[in-house]
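Q: Kindly produce the complete structure, drawing on both the sequences and the hints.
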Amino acid sequence: MTALRKLNRKGIAAFREYLASIRAGAEFQPSLAVLYVDDFSTPVLPRIDVEPRALKTKLAAAKYLTSVLEPLESPSLSADAELWSWLALFFFDQLSPIRGGKRRPREDYYYIPSSRRPQRHLLAGAYGLYRLHGEHARVLLHPSVHQHGRFLFDLDYRRDLLTNRGLIEVVDRLYWNPATSRPKRGAASDNQPGSLRRLIAVVQQLDLNYDLYGMSAPEIEALLPSEFEAWRNGIPPSVAG
Amino acid sequence: MLRKLNFTERTRIPRSECSVELRREPDGVLAFDPKFDLAGIAAPDEARIYIEAQYRTSYMRFDCGSIGNPAIPRERRLTEIDSDRVVRFRIKVVGQSGGEHRIIASSNDMLISCDRGGSGTRLPLLPVNFDDLGDQVWRIHFEADQPVLELNNRIDAIERLARSDPQFFALVYPAAVREVLTHYVLIERRDEGDEESEWPAFWIRWARELAGESLPSDADDRSAWIDDVVVAFCSLHRAAEKMRTGTEEPQ
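Going line by line, the protein sequences match chains A and B.
Residue numbers for the first sequence follow this note's numbering, so the first one is 28 and each next one is one higher.
Residue numbers for the second sequence follow this note's numbering, so the first one is -11 and each next one is one higher.
Quick caveat, the hints were computed from the structure, so don't treat them as lab data.
Think of the CB as a built atom: it goes at the ideal place given N, C-alpha and C, for glycine as much as any other residue.
Treat the hints with caution; some may be incorrect.
Claimed, not checked - Here are the computed distance ranges between Cβ atoms for each label pair:
#1 A/T69 to B/V125: 24 to 32 angstroms
#2 B/R193 to A/L72: 51 to 59 angstroms
#3 B/N96 to A/Q174: 46 to 54 angstroms
#4 A/G261 to B/T170: 31 to 39 angstroms
#5 A/I227 to B/D208: 39 to 47 angstroms
#6 B/D15 to A/A47: 32 to 40 angstroms
#7 A/R133 to B/V125: 33 to 41 angstroms
A: Dropping the structure here:
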């Protein structure tokens, strides 16, 4: 077990350099001094223990971190860049796994929170969505922990929709397949009637005239046109084949 | 001139009828004080009034009573908003009949003024926000229609520099003014006659007063007009002189 810490300014700068060096071909070091030395990070008090467990999916990561961080719970916790940077470095081997013999870290904001793209942080984004939507966020959080995922990517561009509880429950009701514990096939399609992209387009129009934030999932669903009917009842025949 | 088409029955609440004063609580959390007069809005008494605060993905919603019984919410701290300076506010009047939640009237960008302590309030033309900008020192970002000056929080003492360093002022603010006016006047082709209570109109009015001449209609003349505004701005603030002498100027 490891005591939870936060990176300071020097630690975050060192993390950035570390990411740059890995992109340039340097070897990954699983236990960096940056994580544990007071020059670069400070312990969280009272002590909270974190274990280097396998985080298979973003949902698993969100659930684990929600339980670990419960003593620190506050509305601003999702925005604690120092805390989330430390956690990203702690779990870095899983957040940037070796693929094709090489480790290819993504942009810095996937590991070091940026206020411009807060949802992109692989751990803080998942944590924030789970905290807000609970299990209804499973469509968004089903990808592996190192991936952003198509659903989240599409909703990220209408980021105000991500905070709408009723709408995310609609996304769960329409696109989650309980039989496979994965999103329904075709839900992330560009062209499929009733897909998530279509839902976003329809909701943008509805938002002009309806107080969607004040509506429950069934009330929002009742406003949707008929192209979404098949998704309510299962997988549309055109997708099922 | 940009035309805005409203195919719905939704009424637009004039900006003159709704505004927000933004202030900072002793513990540093932002809070707001709304003012609105919806007497001119045709809505049933039971229609609800909501004010929504938003910045990027963070969002809060405040119930302000009904048309028949409006009420400023007691709790107005913006604890869930991930910004310590820039917030957008929207006010909505929502019908309740038949459970339809239809928006009867709204204003998507309420006017925001900032508390200046004992010296009243002012409407910041160019609010400042601090963000990780990589290797950029500054940039202009438009939050909807409102320009925001973003400064790189990776730079030590950037806030102090922005407030009082004459070189920073001389090198950044005239360029920022030029960029904002270019956006409104040349790219979006806004006019002086456009909606009075919108950000482009505030800027054009301010620029007209500074330059001492109205906004021309010809594109070539508009470029020269922007130059005149920037010259007047630099002259007003003695930008070059302060840079030479290193005299500090509070912002």
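Q: Now tell me if each hint is right for this structure.
A: Results for each hint:
1. The hinted window of 24 to 32 angstroms between A/T69 and B/V125 holds, with their beta carbons roughly 28 angstroms apart.
2. In this structure the hint that B/R193 and A/L72 lie 51 to 59 angstroms apart at CB holds, the actual value being about 53 angstroms.
3. At roughly 34 angstroms, the beta carbons of B/N96 and A/Q174 sit outside the given window of 46 to 54 angstroms.
4. Our hint of 31 to 39 angstroms for A/G261 and B/T170 is violated, since their Cβ atoms are close to 53 angstroms apart.
5. One distance hint, 39 to 47 angstroms for the beta-carbon pair A/I227 and B/D208, holds here, with the actual separation near 41 angstroms.
6. At about 37 angstroms, the CB distance of B/D15 to A/A47 agrees with the hint of 32 to 40 angstroms.
7. Take A/R133 and B/V125: their Cβ atoms lie about 25 angstroms apart, and the range 33 to 41 angstroms is violated.
Checked against the numbered hints listed earlier, the structure breaks hints 3, 4 and 7; every other hint is satisfied.
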